[in-house]
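Asks: Next come the chains, spelled out residue by residue.
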Amino acid sequence: MKIEGVYKLAAVRERVFERLLDPESLAKAMPGCDSFEERGDGAYTARIKVGVGPIKGTYEARVEILDRVPPEHYRMTVEGKGSGGFVKGDGAVHLSPEGDGTLLKYSGEVQVGGLIASVGQRMMQTAAKQIVNQFFQAFVKLT
Amino acid sequence: MISESFEYHVPKTIEEALGMIGEFGDESKVLAGGHSLLPMMKLRLASPKHLIDIGRIGALRYIRESEGQLELGALTTHFEIESSSLLKSKCPLLPETAREIGDVQVCNRGTLGGSLVHADPAADWPAAMLAVEAEMVARGPHGERKIRARDFFVDLMATALQSDELLTAIRVSPLPARTGDAYLKLHHPASGFAVVGVAVRLTLAESGSIGEARVGVTGVGAKPYRAEETERLLAGKSPTAKRLEEAAAHAADGVDANSDLYASGDYRKHLAAVYARRAIQRAAERAAGR
Amino acid sequence: MATKYLGERIKRKEDPRLIQGRGHYVDDLKLGGMAHLAFARSPHAHARIKSIDAGAAVATPGVLAVYTGEELKGQVGFVPCAAGLEGLKIPDHPCLATGTVHYLGEPVAAVVATSRYGARDAAEKIEVDYEPLPAVLDMEKALVKGSPRVHEHLTDNTAFVAKLEAGDWNAVRQDASLKVIKQRLINQRLAPASMETRGVVASYSPGEDTLTVWSSTQIPHILKTQLAIMSKLDEARCRVITPEVGGGFGSKLNVYGEEGVACFASRKLGRPVKWIEGRRENMLATIHGRDQINDLEIYAKPDGKVAGFRCRILASMGAYHQLLTPAIPTLTALMILGAYDIKNVFVETVGVFTNEMSTDAYRGAGRPEATYIIERAMDLVAFELKMDPVEVRRKNFPSSGKDISMATGVVYDTANYEKPLKKALRLAGYNRLRKEQERLRKKGKYLGIGVSTYVEICAMGPSSRMPGGGWESGTVRVEPTGKVTVLSGTSPHGQGEETTFAQIVAEQLGVSFDDVTVYHGDTSVVPMGIGTFGSRTTAVGGSAIYYASERIKKKMAKFAAARLGVKPGELLFRDGKIETSDGAKSVPFGSIVVDAYSAKTLPAGVEPGLFEQFVFEPPNYTYPFGAHIAVVEIDEETGEVRLRDYFAVDDCGRILNPLLVDGQIHGGLAQGIGQALWEEHVYDESGQLLTGTFMDYALPKAGCFPWFHTANTETRTPVNPLGVKGVGEAGTIGSTPAVVNAVVDALRPLGVRHVDMPLKPEKIWKLMKGNAGDGGR
Ligand SMILES: Cc1cc2nc3c(=O)[nH]c(=O)nc-3n(C[C@H](O)[C@H](O)[C@H](O)COP(=O)(O)OP(=O)(O)OC[C@H]3O[C@@H](n4cnc5c(N)ncnc54)[C@H](O)[C@@H]3O)c2cc1C
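Chains as they are written, first to last, in this note's numbering: chain A, 1 to 143; chain B, 1001 to 1290; chain C, 2001 to 2777.
Any given hint could be a false lead.
[What the hints assert, rightly or not] With a Cα cut of at most 27 Å, we get these calculated DSSO-like pairs of lysine-lysine:
| # | chain 1 | residue 1 | chain 2 | residue 2 |
| --- | --- | --- | --- | --- |
| 1 | A | Lys8 | B | Lys1269 |
| 2 | B | Lys1223 | A | Lys8 |
| 3 | A | Lys129 | C | Lys2766 |
| 4 | C | Lys2182 | C | Lys2343 |
| 5 | C | Lys2125 | A | Lys81 |
| 6 | B | Lys1042 | C | Lys2701 |
| 7 | B | Lys1146 | B | Lys1088 |
| 8 | A | Lys49 | B | Lys1042 |
[To be verified] What follows is a set of in silico ranges between Cβ atoms, one per label pair, in the way DEER data are often shown:
| # | chain 1 | residue 1 | chain 2 | residue 2 | range |
| --- | --- | --- | --- | --- | --- |
| 9 | A | Met1 | C | Arg2048 | 20 to 26 Å |
| 10 | C | Val2682 | B | Lys1237 | 42 to 48 Å |
| 11 | C | Lys2145 | A | Ala92 | 29 to 35 Å |
| 12 | C | Arg2173 | A | Ala92 | 51 to 57 Å |
| 13 | A | Phe136 | B | Gly1236 | 36 to 42 Å |
| 14 | B | Arg1099 | A | Met1 | 33 to 39 Å |
| 15 | B | Glu1245 | C | Arg2441 | 20 to 26 Å |
No lab work stands behind these hints, which were simulated from the structure alone. Note that this is a predicted model, so its numbers are computed, not measured. Beta carbons: idealized from backbone N, C-alpha and C, even for Gly.
The task is simple: from the sequences and hints, build the whole structure.
Replies: Below, the structure is given as structure tokens:
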């Protein structure tokens, strides 16, 4: 499943880039995040309670940041496992200056497996968008 | 298909139910007809520890007319709406919508309130609620408040109802003079839900031109919405086929459309335009006949 | 006149109990001390099992045992595959995965607990650490050298390659007058989705050392033998009982790993163990149907006569073979010429392993695919040559008659394809419809008329061609009171043979229909049998019963002849009497029964008692045929297809009970039309099943259909004494191409020559918009 989107942020690129890799900011922006810890070497682990409406699951996720090119670009992989199945994602974030602020573009592939995949097909795309949106909306407020 | 274990509670009154919701909080779920909640529990997508069955609160189940408004208790079933002679004469859009929902079992158990709170992006009721500008009545620990339909649906399976509130009633205004309504949908062949559904309430002015049109759309986006551009293009115009088509073409403007195995976002947007035109056409014809 | 039962519209004996909810299914069985089984299943299509932690599951209150594949090793045999094909690779198929999982939903561990809920809860707590491996989903990519392999120890993903070739291909190739038409067809994966899911109760008695298994199966006798082998138990100590079975459609013509585990658990624990499959499990881990890619090459003469037909069949096996998995596409090859006299044929069938659930027999089993191929081919010829599809078919029909030899090597018992076609055309008002179509086309409206003149292979079958034999047993026992008990080795599960078999015996013996009781589905009651599938139950099983009744008659006639002082050959059995043909002398049926059991005066060389058995070996398959016509309207704005009318004229040989034939046809049509318009199992590219519930898998409901217009022609088969051919699958086989042909016909003005199933509105909308190429995928 492909996901992508564009957000406008008021802060300058450098600050956005920094925030995007700061465990504390991430933990705040991530919907339902119980813990978010840096494991060094660009790896993080998180415990996230995510879902839509009444469908919620707790996932243990491992996030890795790769191909870091501050303040423009990085790649991120996510592997999560929880009661509803598993999630794997691989995406890229691009930052470009726009006026006084920053234009953030993300695009990626998300693979969902297990229970959620086989019973939630019809809402998957929409739900994924919603979760990512929630994150970025919260993130926009932080910067 | 066996759910996790849960504790089952049967409040007899709204107050008792609110007390339980307050007590169990996030660990609990209200059970109405169960036709959305129970399948999710059986799939273990949702696993509330406490189930508060409001199904036996008689005070939530009625259809009545008071102060010129129609009021439906949240527990009113799809079938009760479909077969209500009061609604058939005063707000035919509701029985017409009910007829398009699920099968007999679903209609006998499923409730209007449950459907609205569940806010499935493909549910039928939200479109009709938007078209008739329904008002949702919510009761919480701090009393009662009213929420307009257009403020009620917030996002995918998310509403303005707070987790400590109960939806108790739905208020709709009866069909005014020279007004017609219509609900049309493309049924998903598996679920029966709306791939796209469009509900319209349209009033003709004395002159024969369109006074006001309200167009509610479900199935297309993460949440149901009013097709505002379409409504704007209709207002004050005479309902010619060309006008309707031009206006309906904007039925999914600016919507980030859902996409799944059955229908892509582009196709959904196209369907929205076609179904909007047909529903508006039908509503206009009905308005002319009243 | 004697009371007639055969050919009558008699209500089904089984219906009062079924309609009133008084039937007993596996799940109704409650035994003392019964424990419950639940499975933990793989969430991956392909992964190595690094570790399994069952600690939390074992510690759950009420849990009696947790088993993994390792524990079953050497204790329970592999899930069997009976198909015998040259060069077939049969990977070991353990009941619980060991080392690697090969498809989504594969059972990895089993929990036995005192309650069903407890078992499920504990199964959720089993922690399996997987290392995902690349999954093989696309059949064509699977065959490319260097592709990841489903089974690492096998050299590649090819399960088998079979070729069927006949005729003079040099001549065909050199004939420049022939038009070569190529087309790829996709026959999508389907869920059999019987209303009752699978279920089993295994009950081992340590004292007697016997294993009794209640299973929702179509093949109790085969299951008994296979479970005995898997469980390493004497067959004589095993008994399989099929209670009421709520549909199978082929999916229960199988032996499943879960059954093996239930038997193992019951033996280990010394108590009955029940497993009832959930609907989600049913979608994931009960066999799927179809899933073929067909590449066609048609060589047609300018007048529509087809000179040569080539097809490459890629058939997905799934990850493992179930009982008959590889055999299914071979039936496609066998029937690929359908009702057409095509002398030159070449079919290459490649069975491909993929990381998916196994495919296997699903209503029609290989023949719907064949019929779809050839019936689409006929329409493609019509399209390319701008002919009427009916004309093309007529050009290619063989002349009517018996024993028609086909280039594929099969010999059709009877053929008279014009007869049902003519009737269907008249019933549908074909010429009128074509005129209406022309009128509507001028207005930009889409009306489509689709024809399918199918022939199928039924009444399975001659033992020479069936793995494990194709005979069937029938026993008729006249009880001392004169009531009649019939035992059949078949295992009807909704088809209604309790009624048909009783009709056969009542008419044969001249007794009342109400006095005949039919039993089946208990290996300790019925001596032997094969089961119910391949539209064989009445044709093969009914014939055995017919001959067993004949034996009873012969014997009773000897007793009666002695009493009446006539020759046995002169006697007729009717209305409770045995009498001379002129009716002058008679003796009540019951008094002869008493003679046989009291055995005071036995005619020379006659044994006491009245119970006779017959094992019928069919000399050939039967080949029912028919003509279906679908009429569709397409919404020109949205692409929605509305099935306006459906006409089915089926020739299933002699009709024993028109009510039951109608029932089979109606249900079959629903399934066949379902495939054309709605049904589709979809795995994503990583092997996740996206259609795991009925919210996404579109199983048709009664409200989806117009009233079906059904009719019959009756061409009796010489293959069996009843003249019946079988009708269980015909509706499904004939209807899918009729509907697709109708939709493509509707789109003909747009130059569309093919659309793959299911015919979802968006595909058609895109074609109408003109921005999708051929195929609309
Ligand atoms: C086979 C099938 C087909 C269907 N087809 C359609 C269809 O075509 N169109 C369609 O629109 N719907 C369809 N539905 C859904 C059906 O209409 C549901 O019944 C309805 O959406 C939910 O109503 P319910 O009373 O069953 O709610 P429940 O399942 O009991 O509850 C749903 C949610 O709402 C909450 N809730 C319920 N009542 C209240 C309340 N008064 N206050 C606060 N929270 C509340 C619950 O906690 C739960 O989260 C179908 C369902 C099934 C099973």
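Asks: The structure should be examined with respect to each hint, and the outcome stated for every one.
Replies: For each hint, the structure was consulted:
1. A:Lys8 with B:Lys1269: holds (26 Å)
2. B:Lys1223 with A:Lys8: With a Cα-Cα distance of about 23 Å, the restraint between Lys1223 of chain B and Lys8 of chain A holds, given a limit of 27 Å.
3. A:Lys129 with C:Lys2766: holds (26 Å)
4. C:Lys2182 with C:Lys2343: With Cα atoms ~18 Å apart, Lys2182 of chain C and Lys2343 of chain C stay inside 27 Å; holds.
5. C:Lys2125 with A:Lys81: OK: Lys2125 of chain C and Lys81 of chain A at ~14 Å, within 27 Å.
6. B:Lys1042 with C:Lys2701: holds (23 Å)
7. B:Lys1146 with B:Lys1088: holds (25 Å)
8. A:Lys49 with B:Lys1042: holds (20 Å)
9. A:Met1 with C:Arg2048: 20 to 26 Å: holds (25 Å)
10. C:Val2682 with B:Lys1237: 42 to 48 Å: With a Cβ separation near 44 Å, Val2682 of chain C and Lys1237 of chain B satisfy 42 to 48 Å, so the hint holds.
11. C:Lys2145 with A:Ala92: 29 to 35 Å: holds (32 Å)
12. C:Arg2173 with A:Ala92: 51 to 57 Å: holds (53 Å)
13. A:Phe136 with B:Gly1236: 36 to 42 Å: Holds, at about 40 Å.
14. B:Arg1099 with A:Met1: 33 to 39 Å: The hinted range 33 to 39 Å holds for Arg1099 of chain B and Met1 of chain A, with Cβ atoms some 35 Å apart.
15. B:Glu1245 with C:Arg2441: 20 to 26 Å: At 23 Å between Cβs, range holds.
Checked against the numbered hints above, the structure breaks none of them.
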